[in-house]
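Chains R and A are the protein sequences, given in the same order.
Counted the way my numbering counts, the first sequence spans residues 1 to 151.
Counted the way my numbering counts, the second sequence spans residues 1 to 158.
These are computed hints drawn from the structure, not numbers from a lab.
It should be emphasised that the depicted structure is a prediction, and the values quoted were computed from it without experimental measurement.
Each statement offered as a hint is correct.
In silico DSS-like pairs for lysine-lysine, Cα to Cα no more than 30 Å straight-line:
{"#": "1", "chain 1": "R", "residue 1": "Lys139", "chain 2": "A", "residue 2": "Lys132"}
{"#": "2", "chain 1": "A", "residue 1": "Lys150", "chain 2": "R", "residue 2": "Lys139"}
{"#": "3", "chain 1": "R", "residue 1": "Lys139", "chain 2": "A", "residue 2": "Lys151"}
Covered stretches of chain R, going by a simulated chain A footprint (3 or more residues, C-beta under 8 Å):
{"#": "4", "segment": "14-25"}
{"#": "5", "segment": "52-60"}
{"#": "6", "segment": "66-76"}
{"#": "7", "segment": "83-96"}
{"#": "8", "segment": "99-112"}
Built from N, CA and C at the ideal position, the CB exists for glycine as well.
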Amino acid sequence: MSAALDTVDRRIINDMQGGFPICERPFAVAAEALDLDEDDLIARIGRLVDEGRLSRFAPMFNAERLGGAVCLCAMAVPEARFDAVAEQVNAHGEVAHNYARAHALNMWFVLASEDPARIDQVAAEIAAETGLEVYPMPKLDEFYIGFKVEA
Amino acid sequence: MLDDLDRRIVAATQAGLPLVTRPYHAVAEAVGAPPEEVMARLRRMLDAGIVRRIGAVPNHYALGWTANGMSVWDVDDRAVAALGPRIGALEFVSHCYRRPRHRPHWPYNLFAMVHGRARDEVDAKVATIAEKLGAAARGHEVLYSTRILKKTGLRIAA
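Start from the sequences, fold in the hints, and give me the full structure.
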């Protein structure tokens, strides 16, 4: 990663996490609100993506509304087998993220699939391959409102 | 459900909008549809909640938000529906869900993801959640991530 963020970069990161217009020249519209040139805004976003400060500049899709399904799952993996089990779990294309966490349940992964029936199938496959219990933790209610990362 | 053109639009934009003056026109060219049609469909998907939002997706870690604590709470079932939205509304909570318990290994039914620049910052925020939940919370833990093992997200095929 390179130099520190300047004020304009911070405003792009903080103020452009949603609401990007859908019109012929959306960067021009967004640039005006930030008091920037259209070309300057495009170049800065490109740089922030290249530097990895932004994961992407894109529409964020809701997997469930796309007709798919998502389910958080947890496993208690013996430390000696941890890396091998991570490899077995990650080999499934339906595993969207996987995090090691400090707890007896030490592996937490998200299954996402366009075909909701695949969620249970993949969870069962992982359990069979690893010989470990997979605890499904599906969302029962969503209390999410919003979150902004401040740069 | 999405039709074929919707799917092509999702596939063409999910990894990033083209960073050009007319990004939706570039998408239209890539999917072989008129720009007005592409924009109308994106507006429809936004209204329907299929698109949550369009814009910058920050990389928490690269921006210094390296502490990420999954706080989990054993909340009285009779109280969780009323308390959940109050926890989800806290500005430092990025995700908040009710999930099933798996007793005896897992007594927790409310998950609130808390981000911070350091663990003590996360701990302070967790203390705020504890205050809000009060006696309805019978116990809690904070699970810190120690490693990202995979992060690709859902990918839709065209």
